[in-house]
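**Q** Work the whole structure out from these sequences, hints included.
Everything in the sequence shown is counted per our numbering, starting at 26 for the first residue and increasing by one.
No wet-lab data here; the hints were simulated from the structure.
Just so it is clear, the structure is predicted and the values come from calculations on it, not from any experiment.
The C-beta atom is built at its ideal place from N, Cα and C for all residues, glycine as well.
Any given hint might turn out to be false.
Capping the alpha-carbon separation at 30 angstroms, the derived lysine-lysine pairs in BS3-like fashion look like this [as the list claims (entries may be wrong)]:
no.: 1; residue 1: 247; residue 2: 349
no.: 2; residue 1: 114; residue 2: 45
no.: 3; residue 1: 467; residue 2: 349
no.: 4; residue 1: 349; residue 2: 462
Pair by pair, the computed Cβ-Cβ distance ranges are [unchecked claim]:
no.: 5; residue 1: 138; residue 2: 467; range: 39 to 47 angstroms
no.: 6; residue 1: 457; residue 2: 146; range: 15 to 23 angstroms
no.: 7; residue 1: 467; residue 2: 241; range: 45 to 53 angstroms
no.: 8; residue 1: 151; residue 2: 353; range: 56 to 64 angstroms
no.: 9; residue 1: 470; residue 2: 370; range: 34 to 42 angstroms
no.: 10; residue 1: 296; residue 2: 368; range: 23 to 31 angstroms
no.: 11; residue 1: 436; residue 2: 149; range: 18 to 26 angstroms
no.: 12; residue 1: 137; residue 2: 345; range: 45 to 53 angstroms
no.: 13; residue 1: 211; residue 2: 426; range: 20 to 28 angstroms
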Amino acid sequence: MAGIFSRIKETDARTALVRKNILFSFLIKGWSALVMFLLVPITLKCLGEYTNGVWLTISSMLIWIDQMDIGLGNGLRNQLASAIAHGDKVRAKEVVSSTFFMLIIIIIPVLLVLVSLIFTMDMYSFLNVEHDKISNLPDVIAVATILICSTFIFKFISSFYQGMQLPAVSNLFLTIGHTLTLIATYIAYSTGFRSLMVIAIINTAGPLLIYITAYPLTFFRKYRDISPSYRYFTFASARSLFTVGVKFFVLQMAGVVLFMSSNIVISNILNPAEVTPYQIAYRYFTLCLILFNIISTPYWSATTDAYERGDIEWIRNSRRRMKKVLFGMIAIAALMVAASPIVYHIWIGDDVTIPFLLTILVAVYLLVLIISMSYSNFIFGIGTLKIQLIFTISAAVLFIPLAYLLSNIEQSIYAVVLAMILINLPGLIANRIQLNKLLKGKATGIWKE
26 MAGIFSRIKE TDARTALVRK NILFSFLIKG WSALVMFLLV PITLKCLGEY
76 TNGVWLTISS MLIWIDQMDI GLGNGLRNQL ASAIAHGDKV RAKEVVSSTF
126 FMLIIIIIPV LLVLVSLIFT MDMYSFLNVE HDKISNLPDV IAVATILICS
176 TFIFKFISSF YQGMQLPAVS NLFLTIGHTL TLIATYIAYS TGFRSLMVIA
226 IINTAGPLLI YITAYPLTFF RKYRDISPSY RYFTFASARS LFTVGVKFFV
276 LQMAGVVLFM SSNIVISNIL NPAEVTPYQI AYRYFTLCLI LFNIISTPYW
326 SATTDAYERG DIEWIRNSRR RMKKVLFGMI AIAALMVAAS PIVYHIWIGD
376 DVTIPFLLTI LVAVYLLVLI ISMSYSNFIF GIGTLKIQLI FTISAAVLFI
426 PLAYLLSNIE QSIYAVVLAM ILINLPGLIA NRIQLNKLLK GKATGIWKE
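**A** Written out as structure tokens, the structure is:
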């Protein structure tokens, strides 16, 4: 009897924590969304359509570096949640320490190789950029790369808070960084310092400053008992992190290929200026993605906690709630499509024209991602990733050939976005099948791996 009451208490506490994180994340992400909306037109005014397209392409390339942790961040997130669920503080400290020092070991050689490549490759040809319009392209990419690599080490704090089932805190760091970026961009615009180099530094230095500040506040004050220490770094913990982390890493890199390739394909097939209308439409509908992530992200680590404790019924109930959320997201996306001409006019004026068909296609693309994520976040929490790997890698491999094939039929930005939609549909279907099998206890073979 005592065990039943204990389980009910754990379930209630888990659900309450999820709700608190969703509430605080709404407030934090609401501000973040406003900041990102304001950042788009002011950056566009600073750089102009062509240079802004170049910056958007560069920034999408930088995401590669952000994901080079070989999945250690998500490995930390899952294993820390598991250690805390079992009350194992020593294991938690080993996982945190091993993640931190492995990130340092990874990033130093990566930084040296990347900087070398930047100055030996013809970046102008690679990005289809005109030299007379951007005279210092390699320097800009190198400086942004150095700052992103520095952020790479300290951003594990974000995964730490997610593993502690406190994603709202992780969101807060990101939002403060975006706010600093907006303030600095406005100062640059007002004072006339509007070069690509200045914008690159502003956008990459803000998050670094926040994470460096958050490190001592997190590990010297609040969580001293599980702070990183070289004495708790173990190769056994590192191997354990890699076992789970490498799978997440492959998923991350495949996702980056899809995201980054879209900008590069558009830039090569058409020109860098065409990246801007696509990215504006994408940024507009990321409001849906942000809203969905606010609601769904707390369920990832909470699912890990529930699964470790054998509370499958809690996961089933959470999935039912998520279905209701999806209907709301579809309705919001439809309203955003209808209101888009007015919103674009207020938001960016007449600086850039966004075709209505592009708006519809981008909305469909993001809805496909959102529906797929409504299944995959629970699957990630459970830790069965083989099906995810198969379909995500296949999508990454096939995207560029499909985009070029469709572009030969219709040489426009629509072909690229359509390719992105088609390439993600099989993964959505597979995610739905797998989660249903897992929750019904019928998953076998690769569906359970």
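**Q** Hints first: check each against the structure and report whether it holds.
**A** Hint check:
no., hint, in the structure
1, 247 - 349, "violated, 36 angstroms"
2, 114 - 45, "holds, 24 angstroms"
3, 467 - 349, "holds, 24 angstroms"
4, 349 - 462, "holds, 20 angstroms"
5, 138 - 467: 39 to 47 angstroms, "holds, 46 angstroms"
6, 457 - 146: 15 to 23 angstroms, "violated, 42 angstroms"
7, 467 - 241: 45 to 53 angstroms, "holds, 48 angstroms"
8, 151 - 353: 56 to 64 angstroms, "violated, 42 angstroms"
9, 470 - 370: 34 to 42 angstroms, "violated, 53 angstroms"
10, 296 - 368: 23 to 31 angstroms, "holds, 25 angstroms"
11, 436 - 149: 18 to 26 angstroms, "holds, 22 angstroms"
12, 137 - 345: 45 to 53 angstroms, "holds, 50 angstroms"
13, 211 - 426: 20 to 28 angstroms, "violated, 42 angstroms"
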